[in-house]
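Trainee: Following the hints, complete the assembly by docking chain C onto the known chain X.
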Amino acid sequence: MELLAFGKTGWGDELFIATLMTIAVSITAMLIGFLFALIFTPLKLSKNKFLNFIGNSYTTVIRGVPELLVIYLFFFGGSGAVMFVASMFGYNDYIEINAFITGSFAIGIISGAYSTEVFRGAIQSIDKGQFEASQVLGLKKFAYFFRVIMPQMLRLAIPNLSNVWQITLKDTSLISVTGLVEIMRQSYIAAGSTRDPLFFYSFAAVLYLTLTFLSMKLINRLEIKYSRGF
Amino acid sequence: MDISLMITSLPKLQSATVVTLKLLSLSLFFGLFIGLLFAILRLNKNIFINKFAYGYSYVFRGTPLLVQIFIIYFGLGQIEYFRSTFLWVIFKEPYWCAIIAFALNTGAYTSEILRSAFQTIKPGLIEAGKSLGISNKIIFYKIQIPVAIRQSLPAYGNEIILMMKGTSLASTVTLMDLTGVAKYIISTTFKPIEVFIVAGGIYLFMTFIIHNIMKFLEKKFSY
Chain X
1194 MELLAFGKTG
1204 WGDELFIATL
1214 MTIAVSITAM
1224 LIGFLFALIF
1234 TPLKLSKNKF
1244 LNFIGNSYTT
1254 VIRGVPELLV
1264 IYLFFFGGSG
1274 AVMFVASMFG
1284 YNDYIEINAF
1294 ITGSFAIGII
1304 SGAYSTEVFR
1314 GAIQSIDKGQ
1324 FEASQVLGLK
1334 KFAYFFRVIM
1344 PQMLRLAIPN
1354 LSNVWQITLK
1364 DTSLISVTGL
1374 VEIMRQSYIA
1384 AGSTRDPLFF
1394 YSFAAVLYLT
1404 LTFLSMKLIN
1414 RLEIKYSRGF
Chain C
91 MDISLMITSL
101 PKLQSATVVT
111 LKLLSLSLFF
121 GLFIGLLFAI
131 LRLNKNIFIN
141 KFAYGYSYVF
151 RGTPLLVQIF
161 IIYFGLGQIE
171 YFRSTFLWVI
181 FKEPYWCAII
191 AFALNTGAYT
201 SEILRSAFQT
211 IKPGLIEAGK
221 SLGISNKIIF
231 YKIQIPVAIR
241 QSLPAYGNEI
251 ILMMKGTSLA
261 STVTLMDLTG
271 VAKYIISTTF
281 KPIEVFIVAG
291 GIYLFMTFII
301 HNIMKFLEKK
311 FSY
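The listed protein sequences derive, respectively, from chains X and C.
According to the numbering used here, the stretch in the first sequence is residues 1194 to 1423, in order.
According to the numbering used here, the stretch in the second sequence is residues 91 to 313, in order.
Chain X extracted, bound-state conformation:
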């Protein structure tokens, strides 16, 4: 137990901060994923063949390639890509991107592919009459989407989004390979310096289990809230 003490003697405070880091990366990645889903869901639903192709290739490629490979692409290629863009604007110095940004971007793109599929499925399973009714009522596009489609879509999407959240949360453990100090990386450091890997990795597993358990409880509440009247 003294290994987990707070302060200089134990790893308690380090692991606590690492847990907060994991939560921060997961939430950022999830939000970046939503942004991607917001762009790619309309593409996947579009009738234009070319746009449809772009949307489909995004989800197919990202869901068919290992997360670790995507992370390596961003880790090794991220600063190169940013420097290339910067050089077009005449900035030629070396730019290093922060591991937090690279990591949450890589995980965000992955989680976005899953979210896109969830949103597409949810929109497609809304009753066709709802779309027709809002057209007949002459609703403006904005009101039509945010007042009629969105609330129904969310109700259908929440159970599946909770799966996406779990996947995203677990995927953040992979960012440890880039050196970002989240739960996995901190356990690796602690295990290395105390020579007690069994304890620290098991404790990491407990931390992840706690996170998934608590988030399930929260999401269940949301689910109840959004299925009022059904």
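Hints are computed from structural coordinates only; laboratory data are not their basis.
Idealized CB from N, CA, C, for every residue including glycine.
Take these hints with a grain of salt, some might be off.
What the hints assert, rightly or not - Calculated pairs, EDC-like style, for lysine to aspartate or glutamate (alpha carbon to alpha carbon, straight line, at most 20 Å):
#1 C:Lys182 x C:Glu170
#2 C:Lys281 x X:Asp1389
#3 C:Lys182 x X:Glu1289
#4 C:Lys232 x C:Glu308
#5 C:Lys102 x C:Glu217
#6 C:Lys281 x C:Asp92
As the list claims (entries may be wrong) - Here are a few chain C residues that sit away from chain X, every Cβ distance over 12 Å (derived from the structure):
#7 Thr98
#8 Ser115
#9 Val179
#10 Ile224
Mentor: Positioned in the frame of chain X, the structure of chain C alone reads:
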């Protein structure tokens, strides 16, 4: 874009693909048995057995695969007593550690898939078997299992693809699988995009083949 690098790295990545496929097939093979075992335990009426099987799948589905590999590869070697047993022959090899971790992980997911398949079998089928006087054992092997396999094929296909992506984590315990070799080439040449295209292409190709095999099987076993 460095086309020549892409061409020269292709043979290296191809031979690494063999490692990935070996890891995948062995862990799926063991995982299927683990999954079937725990699915049957989940359906057991004894509350302790039931809770144990639920706990197993909850823990393995709720923690990242990376943690599981690290516990098995780095963690178990720490126990003095464990090193003196014959099991140490297996657990000192990163290859087998990876396979054990993958098999336990996919076993947890497979048990959930099979359990839900068993539960969605129409009771009429079992009742029909009983009223024909077929013994419970034969009902289980000849009616419940075949129907459950058919029901679970689509979900199991997804699980195979997820597991294929999961095998990339073997590279974290020094195994040179497809991702491991890709990372090695990237870190020596600093050309991430080219290597990503080739390695990602191989992974996509495998996904495509698995997807089509599953589609074929679904058609074959449909009724």
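Trainee: Minimum Cβ separation between serine 115 of chain C and chain X greater than 12 Å?
Mentor: With a cut-off of 12 Å, serine 115 of chain C remains clear of chain X, as the shortest Cβ separation is near 17 Å.
Trainee: Given the proposed pairing of lysine 281 of chain C with aspartate 92 of chain C, does the C-alpha separation stay at or below 20 Å?
Mentor: Distance of about 8 Å is within 20 Å: holds.
Trainee: Is the Cα-Cα distance between lysine 182 of chain C and glutamate 1289 of chain X 20 Å or less?
Mentor: Violated: lysine 182 of chain C and glutamate 1289 of chain X sit about 38 Å apart, past 20 Å.
Trainee: Decide if the proposed pair is consistent with the structure: lysine 281 of chain C and aspartate 1389 of chain X, CA atoms, cutoff 20 Å inclusive.
Mentor: violated (37 Å)
Trainee: Does valine 179 of chain C clear chain X by more than 12 Å, comparing its Cβ with all Cβ atoms of that chain?
Mentor: holds (19 Å)
Trainee: Run the C-beta distances from isoleucine 224 of chain C to all of chain X and say if the shortest one exceeds 12 Å.
Mentor: holds (38 Å)
Trainee: Does glutamate 308 of chain C lie within 20 Å of lysine 232 of chain C when you go C-alpha to C-alpha?
Mentor: Holds, because 19 Å separates the two Cα atoms, which is no more than 20 Å.
Trainee: Does threonine 98 of chain C sit more than 12 Å from chain X, CB to CB?
Mentor: Given that every Cβ of chain X is farther than 12 Å from that of threonine 98 of chain C, nearest at about 18 Å, it holds.
Trainee: Run the distance test for lysine 182 of chain C versus glutamate 170 of chain C: straight-line Cα separation, threshold 20 Å.
Mentor: holds (13 Å)
Trainee: Does the alpha-carbon distance linking lysine 102 of chain C and glutamate 217 of chain C stay inside the 20 Å limit?
Mentor: With a Cα-Cα distance of about 56 Å, the restraint between lysine 102 of chain C and glutamate 217 of chain C is violated, given a limit of 20 Å.
Of the hints listed earlier, those the structure fails to meet are numbers 2, 3 and 5, in rising order.
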